[in-house]
Amino acid sequence: MKKLLVLGAGTAGTMVVNKLRHRLDADDWQITIVDQDPTHYYQPGFLFIPFGMYARHDVVKPKRDFIPPGVDMIQADIEEIEADKNRVKIDGDRWLQYDFLVIATGTHLAPDETPGLEALGDEGPDNIHTFYTLDGAMKLEKYLRTFQGGKLVMNITEMPFKCPVAPLEFIFLADWWLQEKGLRDDTELTFVTPLPGAFTKPVASKALGGMLEEKKIDLVPDFNIEMVDWDAGKIVAYSEDEVDYDLLVSIPLNMGADVVGRAGLGDELNHVPVDKHTFLSGKHENVFALGDAAALPTSKAGSVAHFAVELWTENFLRYIDGLEMLEHFDGHANCYIESGHGKGLLIDFNYDTEPLPGKYPLPGIGPFSLLEETEMNHWGKLMFRWMYWNILLKGKEMPVPALMSMAGKWSVG
Amino acid sequence: MATEVIGGVEVHVDDEGFMTDPSEWTEELAPALAKEIGIDDLTDAHWKVIRFLRDDFAQEGQTATLRRVSTMANVPTKELYQLFPKKPAKKMSYISGLQKPVGCV
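Heads up: the protein sequence lines correspond to chains A and B, in order.
Residue numbers are given in the working numbering: position 217 of the first sequence equals residue 217, and the series is strictly consecutive.
With the second sequence counted from 1, adding 413 to any position gets you the working numbering.
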């Protein structure tokens with residue numbers, strides 16, 4: 001009996017077991033998935049919570065509902081990974097032996113790495129927030145209910161972080177929400193980022209930067225935060241630049257699981273370096289990392305995990321039969337960007353092709369406009385939650401290709 | 414591709430002046446590159462960072478980020494800003510003959 005062990009039952013891990021259970025003979029393969037948290041979070045939905053558009057029940061479901069029969073699910077802390085001995089220790093002093101290991105432990109917030117951001121816990125002032133956790137998003141919703149205007153600063157601490165479009169979406173939605181509440185004239189909105197512009201890639205950065213300008217949102221680029229000064233109400237950069245805030249909304253440093261770092265499998269942020277096409281660890285020939293846990297030069301996002309898992313599954317089935325893996329995965333990412341006023345944008349890109357304008361063909365539903373604000377894209381984003389819970393996590397076929405296509409895209413000279 | 418003469422040696426550079434062929438770089442070039450961006454004197458502290466970047470690049474095939482230098486070479490980010498003022502990520506890679514670190518998406 002061969003053993004496949006999957007660490008983490010988030011988006012990537014859940015898709016892996018769903019894709020593989022019916023492809024691997026149950027007489028030959030035992031599949032086990034371990035996660036310490038019984039709840040599956042629909043993380044893209046956190047964005048809508050501060051503005052009262054989604055509530056808690058919209059974004060949580062039991063993880064067990066998405067694990068297929070024939071897969072052993074263990075709820076336990078993952079304490080040690082001994083890759084040299086092909087085993088993992090979980091709480092209760094239990095060791096799980098494996099033939100193949102998939103690390104899908106994601107990435108999490110590490111606010112303690114930035115002095116002053118520990119206020120995101122229970123200590124410190126109440127005007128420092130994040131919407132990157134469910135609790136954080138709910139606290140921010142409560143805070144905004146009595147918000148009277150002032151300086152609202154959206155700050156990204158450091159690259160990489162998951163769902164790289166979310167901070168832009170937040171500031172766009174804040175602009176719209178403040179108008180609805182009659183508070184926009186009393187609020188200065190500032191977007192403070194370590195990147196040289198609004199987004200990472202030039203064409204999208206220019207388009208999104210233009211939207212910030214249209215919406216009268218200030219952009220402060222190249223800002224590498226060193227600390228938050230609670231008393232002065234400002235964030236301070238290593239370069240000694242400063243930005244004042246009345247309400248700070250932060251994306252803290254994102255780090256992979258501590259256990260990955262302890263096992264010596266991670267990089268400086270505990271993300272697992274893997275081959276960018278096959279997801280195989282460079283150190284161990286039976287260890288893969290998928291989803292946000294992997295250190296890859298593409299977005300940390302559910303769409304990437306989805307495309308990656310689809311291609312990885314086929315490759316894994318080749319690999320266990322002794323065949324060479326195909327170098328297929330292209331870093332494909334596909335993200336809706338909510339822009340307020342019931343509109344949104346869509347971007348579609350990969351390792352080599354930056355987000356371009358044009359049309360995104362989708363049989364039966366689309367096309368969606370790329371890099372352009374439309375109501376259709378907003379509905380696409382809302383519809384996606386249903387698709388996530390009912391199609392994507394369960395490993396069923398999605399109507400989108402795993403590899404990026406140039407169909408409909410315009411090249412920008 | 415454009416070339417530029419740095420410290421008497423012709424090297425390939427991109428639009429922003431970053432060297433594009435890491436194998437064209439030698440330690441002798443570093444002081445001349447540093448002068449180009451206003452760093453007149455390379456101290457041991459600078460060299461610790463430059464050598465780490467070169468070694469790390471040889472292993473990883475990409476330029477280390479500030480976070481990676483601070484974690485793996487034990488040079489705090491604050492110090493990197495003192496050594497390579499204002500834009501340490503760009504300046505340290507420029508002097509080391511490497512492309513600036515990729516801002517991941």
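Among the hints, a few may not be true.
Mimicking DSSO-like on lysine-lysine, the simulated pairs with C-alpha atoms at most 30 Å apart in a straight line are [as the list claims (entries may be wrong)]:
#1 B:Lys461 / A:Lys206
#2 A:Lys89 / B:Lys448
#3 A:Lys283 / B:Lys513
#4 B:Lys448 / A:Lys234
#5 A:Lys151 / B:Lys499
#6 A:Lys139 / A:Lys234
Hints listed in this document are in silico derivations from the structure and should not be mistaken for laboratory results.
Distance restraint between Lys89 of chain A and Lys448 of chain B, which requires alpha-carbon spacing of 30 Å or less = Measuring from Cα to Cα gives roughly 53 Å; hence the hint is violated.
ask   = Do the alpha carbons of Lys448 of chain B and Lys234 of chain A lie within 30 Å of each other, as the hint requires?
value = Given that 30 Å is the threshold and the Cα spacing comes to 35 Å, the pair is violated.
Restraint status (C-alpha distance of Lys151 of chain A to Lys499 of chain B at most 30 Å) = At roughly 26 Å apart (the allowed maximum being 30 Å), Lys499 of chain B and Lys151 of chain A satisfy the hint.
ask   = Taking only the CA atoms, is the gap from Lys283 of chain A to Lys513 of chain B under or equal to 30 Å?
value = Holds: Lys283 of chain A and Lys513 of chain B sit about 26 Å apart, inside 30 Å.
message = Check the hint pairing Lys461 of chain B with Lys206 of chain A against an upper bound of 30 Å on the C-alpha distance.
response = violated, 37 Å
key: Hinted pair Lys139 of chain A and Lys234 of chain A, Cα distance within 30 Å   = Holds, at about 21 Å.
The structure does not agree with the numbered hints 1, 2 and 4 stated previously, though it agrees with the rest.
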